[in-house]
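Student: Chain by chain, the residues:
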Amino acid sequence: MAETNWTTDQPIVSIKEVHKSFGALEVLKGVSLDVMKGEVICIIGPSGSGKSTLIRCINALNDIQSGSIKVEGLEVHDAHLDKLALRKKVGMVFQQYNLFPHKTALENVMMAPVLVLKEDKAEVEKRARALIAKVRLEGKEDSYPGELSGGQQQRVAIARSLAMQPDVMLFDEVTAALDPETVKEVLITIKDLAAEGMTCILVTHEMGFAREIADHIYFTDRGVIVEHGPPATFFKKAKDPRTQEFLSQIL
Amino acid sequence: MLETVQAFFRDLAETHPKWNFIFFYDPSQWDRVVTGLWVTIQLSVVCVILSVIIGLVGAWLQGSPIRPLRYLVAGYIQFFRNTPPLIQLLFFYFALGQFTPTYSPDGWLEVPWISNVGWAIISLSFFAGAFNVEIFRSGIEAVPDSTKEASEALGMSRLQTYIYVVMPLAFRVSLPALNNNLVNLVKTTTQAIAIAVPELLYQMVSIYNDYSTAQNAAMTVLFIVYIGLVGILVLGMNRWERSMRIPGYGA
Chain L
1 MAETNWTTDQ PIVSIKEVHK SFGALEVLKG VSLDVMKGEV ICIIGPSGSG KSTLIRCINA
61 LNDIQSGSIK VEGLEVHDAH LDKLALRKKV GMVFQQYNLF PHKTALENVM MAPVLVLKED
121 KAEVEKRARA LIAKVRLEGK EDSYPGELSG GQQQRVAIAR SLAMQPDVML FDEVTAALDP
181 ETVKEVLITI KDLAAEGMTC ILVTHEMGFA REIADHIYFT DRGVIVEHGP PATFFKKAKD
241 PRTQEFLSQI L
Chain Z
1 MLETVQAFFR DLAETHPKWN FIFFYDPSQW DRVVTGLWVT IQLSVVCVIL SVIIGLVGAW
61 LQGSPIRPLR YLVAGYIQFF RNTPPLIQLL FFYFALGQFT PTYSPDGWLE VPWISNVGWA
121 IISLSFFAGA FNVEIFRSGI EAVPDSTKEA SEALGMSRLQ TYIYVVMPLA FRVSLPALNN
181 NLVNLVKTTT QAIAIAVPEL LYQMVSIYND YSTAQNAAMT VLFIVYIGLV GILVLGMNRW
241 ERSMRIPGYG A
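Protein chains in written order, with my numbering: chain L, 1 to 251; chain Z, 1 to 251.
Worth double-checking, as some hints may not be accurate.
[To be verified] According to the in silico footprint, chain L covers these stretches of chain Z (three or more CB under 8 angstroms from chain L): (1) 98–108; (2) 163–176; (3) 238–249.
Hint data in this document are derived by calculation from the structure and do not stem from the laboratory.
Note that the structure is predicted; figures quoted are calculated from it, not measured.
Just so you know, even glycine gets a beta-carbon here, dropped at the ideal spot from N, CA and C.
Please construct the entire structure, taking both the sequences and the accompanying hints into account.
Tutor: This is how it looks when you write it as structure tokens:
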């Protein structure tokens with residue numbers, strides 16, 4: 001694994017002046033933010049403001065044009081980056097769950113540790129069963145994704161990501177595709193995780209949840225961070241008119 | 001029992017001279033049918049297996065970053081898909097056959113390394129293989145990018161993603177179309193008669209050339225045998241398809 005001299009008093013994720021374009025369309029126009037270990041941050045903003053792109057850049061699913069993103073001191077967009085080292089540190093959960101439909105819940109959770117980390121199968125299975133219990137899906141180990149509700153699938157996806165024992169979890173609008181009644185079960189799972197001290201970066205439209213769980217909220221619009229702050233001040237005393245307008249529409 | 005059957009068909013041939021099932025009472029004609037059927041089965045099995053391998057390798061090469069390789073596969077598909085298989089067969093045997101090396105077992109005879117059976121296998125496998133490449137490619141394209149992305153985010157390599165995620169899903173999508181193409185392949189093996197491969201059609205035609213009264217009988221038996229052969233193949237493929245069905249996934 002790549003050696004870095006990162007220590008826990010430095011930001012675990014450090015984003016500096018990131019610019020990202022899709023062709024002629026500039027999606028991120030100089031975004032900077034720092035996340036400390038154990039922090040939970042929520043990125044909110046209108047659609048098309050670049051929040052999903054930003055989160056995807058953190059684990060190198062998208063590349064960037066300029067700027068720097070570091071995870072535990074690892075330069076994410078260095079051409080010589082050991083991507084595997086990065087992916088061991090960063091877990092990601094997607095809006096559409098993206099489970100492997102031909103594998104059971106248990107197999108989904110076990111797959112990466114066995115194939116990528118080459119861990120002992122019996123060990124991994126023990127951990128996988130514990131994780132499935134943790135996301136409150138005992139008894140669903142042998143169900144296929146197609147047999148589970150959206151909320152259940154999303155919790156399997158969270159367990160699958162946790163099985164790699166990451167240091168940072170990215171959540172990309174993970175409740176946006178869910179039925180209202182299953183949103184809560186996924187949010188509870190994330191809340192448990194945050195309470196255990198997992199570093200979490202969430203892109204979300206759940207304002208109530210963001211207010212409750214986040215240490216820090218970032219509001220993005222048209223590729224820039226317009227405003228940020230701890231939830232208490234952010235929701236009550238937003239200064240920028242764009243933030244005020246967005247919040248007035250949503251709250 | 002056997003004698004009763006033989007007697008029945010011998011009587012039938014006498015009372016109805018246009019329906020001389022000679023191979024059902026003349027053991028030497030029966031042998032011709034059996035050897036022909038055996039050659040047909042062998043030819044079909046070998047061509048089915050080879051054409052599937054060609055399809056898998058071709059579909060993999062089509063996704064290659066090396067452009068000349070992709071062009072090569074595209075050219076191969078165009079050639080074999082857009083020309084009649086009978087002409088391919090004749091071309092392989094008569095045109096290419098002239099240039100293949102020969103050996104001499106006794107110092108007098110010149111035996112080509114590739115026999116007419118060999119050319120039939122090569123020609124028919126490449127013919128069906130061209131369609132299989134397209135069939136597998138459409139299956140691979142049906143696997144959503146987001147599923148591959150999830151696999152990437154878990155740290156799996158491109159090859160691991162291909163083997164454990166893309167192929168199992170693509171194969172399931174491809175099966176119905178593959179099924180059709182293999183049925184066609186089995187039927188197309190009869191064209192090997194043109195280069196004197198002693199398969200079932202060849203033997204049957206030989207029989208009714210020798211005994212013109214057996215013509216109707218021979219054709220009737222041909223139809224029945226092919227309905228049976230293709231039926232077995234379709235039954236097997238359907239059973240395979242069912243065994244791979246994922247609960248809650250697809251139709």
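Student: Now look at each hint and say whether the structure bears it out.
Tutor: Right, here's what the structure says about each hint:
Only when three residues or more bring their CB closer than 8 angstroms to a CB of chain L does the claim for the segment 98–108 of chain Z stand; here the count is 0, and the claim is violated. Interface restraint, the segment 163–176 of chain Z with chain L: holds (5 residues with C-beta to C-beta distance below 8 angstroms; minimum three). Remark: the segment 238–249 of chain Z is confirmed as covered by chain L, as 4 of its residues place a Cβ nearer than 8 angstroms to a Cβ of that chain, reaching the required three.
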